[in-house]
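*Asks:* Residues per chain, in single letters:
There are 2 protein chains.
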Amino acid sequence: MDSLTPATPPKTEALARRYGADVLPAAGPWNETIATMLDHRSVRSYKPDPVPAGALESMIAAAQSAATSSNMQWWSALAVTDPAKKKVLAEIAGGQKHIEQCPLFIAWIADMSRNQRISNATKTPFETMPWLETFMVASIDAALAAQNAVVAAESMGLRTVYIGAMRNDPIRVADLLGLPPQAVVVFGLCVGYATEKGKGEVKPRLPQSVVLHTERYDASREEALRAAYDAEMSKFSARHELQAATWTQRVLNRLGPIKAMNGRETLRAALAKMGFEVR
Amino acid sequence: MDSLTPATPPKTEALARRYGADVLPAAGPWNETIATMLDHRSVRSYKPDPVPAGALESMIAAAQSAATSSNMQWWSALAVTDPAKKKVLAEIAGGQKHIEQCPLFIAWIADMSRNQRISNATKTPFETMPWLETFMVASIDAALAAQNAVVAAESMGLRTVYIGAMRNDPIRVADLLGLPPQAVVVFGLCVGYATEKGKGEVKPRLPQSVVLHTERYDASREEALRAAYDAEMSKFSARHELQAATWTQRVLNRLGPIKAMNGRETLRAALAKMGFEVR
Chain P
1 MDSLTPATPP KTEALARRYG ADVLPAAGPW NETIATMLDH RSVRSYKPDP VPAGALESMI
61 AAAQSAATSS NMQWWSALAV TDPAKKKVLA EIAGGQKHIE QCPLFIAWIA DMSRNQRISN
121 ATKTPFETMP WLETFMVASI DAALAAQNAV VAAESMGLRT VYIGAMRNDP IRVADLLGLP
181 PQAVVVFGLC VGYATEKGKG EVKPRLPQSV VLHTERYDAS REEALRAAYD AEMSKFSARH
241 ELQAATWTQR VLNRLGPIKA MNGRETLRAA LAKMGFEVR
Chain Z
1 MDSLTPATPP KTEALARRYG ADVLPAAGPW NETIATMLDH RSVRSYKPDP VPAGALESMI
61 AAAQSAATSS NMQWWSALAV TDPAKKKVLA EIAGGQKHIE QCPLFIAWIA DMSRNQRISN
121 ATKTPFETMP WLETFMVASI DAALAAQNAV VAAESMGLRT VYIGAMRNDP IRVADLLGLP
181 PQAVVVFGLC VGYATEKGKG EVKPRLPQSV VLHTERYDAS REEALRAAYD AEMSKFSARH
241 ELQAATWTQR VLNRLGPIKA MNGRETLRAA LAKMGFEVR
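Chains P and Z, in that order, give the protein sequences. Residue 8 in the working numbering sits at position 8 of the first sequence, with consecutive numbering throughout. Residue 51 in the working numbering sits at position 51 of the second sequence, with consecutive numbering throughout.
One chain only, chain P, in its complex shape (with noise of 0.2 Å):
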């Protein structure tokens, strides 16, 4: 092994980080792949130092690796270095600091551009471009592969953040990065190693129950175990003096006025312009 994985910590302990003490779920088969990825936390403020040598090629070599459909690859991925083009990235986010100061961003790309070049080279009409069934497989595509990636780079000490606010302009993003037509960043991704206080802590999520289903969907009692998420979210706000709404609070937030999209209703029109017909 070319490097040494983090040191993680125990499946109960790990368990509790996520979910909370009292409602773990009843896992089974453990590993250091699996406490890697358990140990997640998205990181916004990043150290100088560059990434390692080949990390960002052993991460695409993962990405490669997840599944994709029928073979068909519909994803590319772009690294962005350049601090004059991570401060424009940023600031078409909504002046998200950590995309100027992480050393490496990845723009993950829907990439059916190099189909479209098959096809001019070989005169075969394109019949399946215009639909939303392709443009969801690109996007899934494009996100097992980044998710490998993410995984990669946290088993060798590297954090991460996505950034999907790059669908707040994404002409503008494709502009920047000389995208061809036929091809959007869906997202980005910010990697490089936290500073002490960006390590921060691993966020509670909803309880199992609530996100697993068995045979048929259940959510008879989603609102009781939503109520002790709630109080979960409550504490890990105030330890991170964040504004101590609920869990729930927050998802009113975000879903209850249109200005929480930050224009991103206009997606659709945007992706037609770049040759998303999105039928």
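The set of hints was computed from the structure by calculation and includes no laboratory data. There's no promise every hint is true.
What the hints assert, rightly or not - If you only want the chain P side, here are some residues facing chain Z, beta carbon under 8 Å, derived:
1. Thr12
2. Glu13
3. Glu57
4. Asp82
5. Arg114
6. Trp131
7. Ala152
8. Met156
9. Pro180
10. His213
11. Tyr217
12. Gly256
What you are looking at is a predicted structure, and each value in this text was computed from that prediction instead of being measured. All C-beta atoms in this analysis are idealised placements derived from N, C-alpha and C, irrespective of residue type, glycine included.
Start from chain P and add chain Z according to the hints.
*Replies:* Here is chain Z on its own, set in the frame of chain P:
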């Protein structure tokens, strides 16, 4: 550690399996987690043995540990072991026998119904629901979660295959699994132990320099590299007695005629009926 991680090949061999020996990327850091991901192959032949006790719960703990936009957790998972249900799902998927055969099938759900329940309970209008952006976030977050579950499963020695064909008839799938409106299965996942024959071989992917761009998108070397990949994939197809088409030909078969979509060009209309407007 409760379970041993299965044996994985050393770095150079793992990279050679994934890319072919002639186009190895300059991968750097390496460890057992990365090796596990590099060893991925989609498996379509399963032993009848059930998954170990707690394996599902460990997979879902990993899934919930993946990043989720604004901590919104807009996804659910539904575990199916009932043979009668799996038989119907296999039929919907165009007769994919491995869905019947695998001991555990997980349906991954873009789930806005939980938000709708919160909206209803608090009488708060849900203005951000009907947009493509919202459906994208739910689908991408489901994909990030599912990929962590896959990595967890593979780290225990289990194998998997994603089933995109749940989107052939999302309404019938939703009816079968008792989903409420505003919840849709975006893809399925078979989980189990591979038969000896079903283990297969790591599938080569496009050379890393085709999918990884630096600072600006650059497809100038793509055509030559694609030709090399066509040759690599022809060898792979011959070894596996598959139709010996090149990868380029497979792309054309999949992209050219609309019939290759198996009816999924109707996805947007189906989603509208299920409460996802996708404006």
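*Asks:* If a hint holds in the structure, say so; if it doesn't, say that too.
*Replies:* Comparing the hints with the structure gives:
1. Taking 8 Å as the C-beta cut-off, the interface hint given for P:Thr12 is violated, the closest approach to chain Z being about 11 Å.
2. Hint status for P:Glu13 relative to chain Z: violated, with the closest Cβ pair at about 13 Å, above 8 Å.
3. Here the hint on P:Glu57 is kept, as its CB sits about 4 Å from the closest CB of chain Z, short of 8 Å.
4. Proximity of P:Asp82 to chain Z holds as hinted, the smallest CB-CB distance being about 6 Å (cut-off 8 Å).
5. Taken as an interface hint, P:Arg114 checks out: its beta carbon lies about 7 Å from the nearest beta carbon of chain Z, inside 8 Å.
6. At a threshold of 8 Å, the smallest CB-CB gap from P:Trp131 to chain Z is about 5 Å, leaving the interface hint in force.
7. Annotation: P:Ala152 was flagged as interfacial toward chain Z, and the flag holds, the nearest CB pair being 5 Å apart, inside 8 Å.
8. Interface hint status for P:Met156: upheld, as the beta-carbon distance to the closest one in chain Z is roughly 5 Å, under 8 Å.
9. The beta carbon of P:Pro180 comes within 7 Å of a beta carbon in chain Z, closer than 8 Å, and the hint placing it at the interface holds.
10. Against a cut-off of 8 Å between C-beta atoms, the interface hint on P:His213 holds, since the closest Cβ of chain Z lies about 4 Å away.
11. Taken as an interface hint, P:Tyr217 checks out: its beta carbon lies about 5 Å from the nearest beta carbon of chain Z, inside 8 Å.
12. Restraint check, P:Gly256 versus chain Z: the minimum CB separation of about 5 Å is within 8 Å; hint holds.
Of the hints listed earlier, those the structure fails to meet are numbers 1, 2, in rising order.
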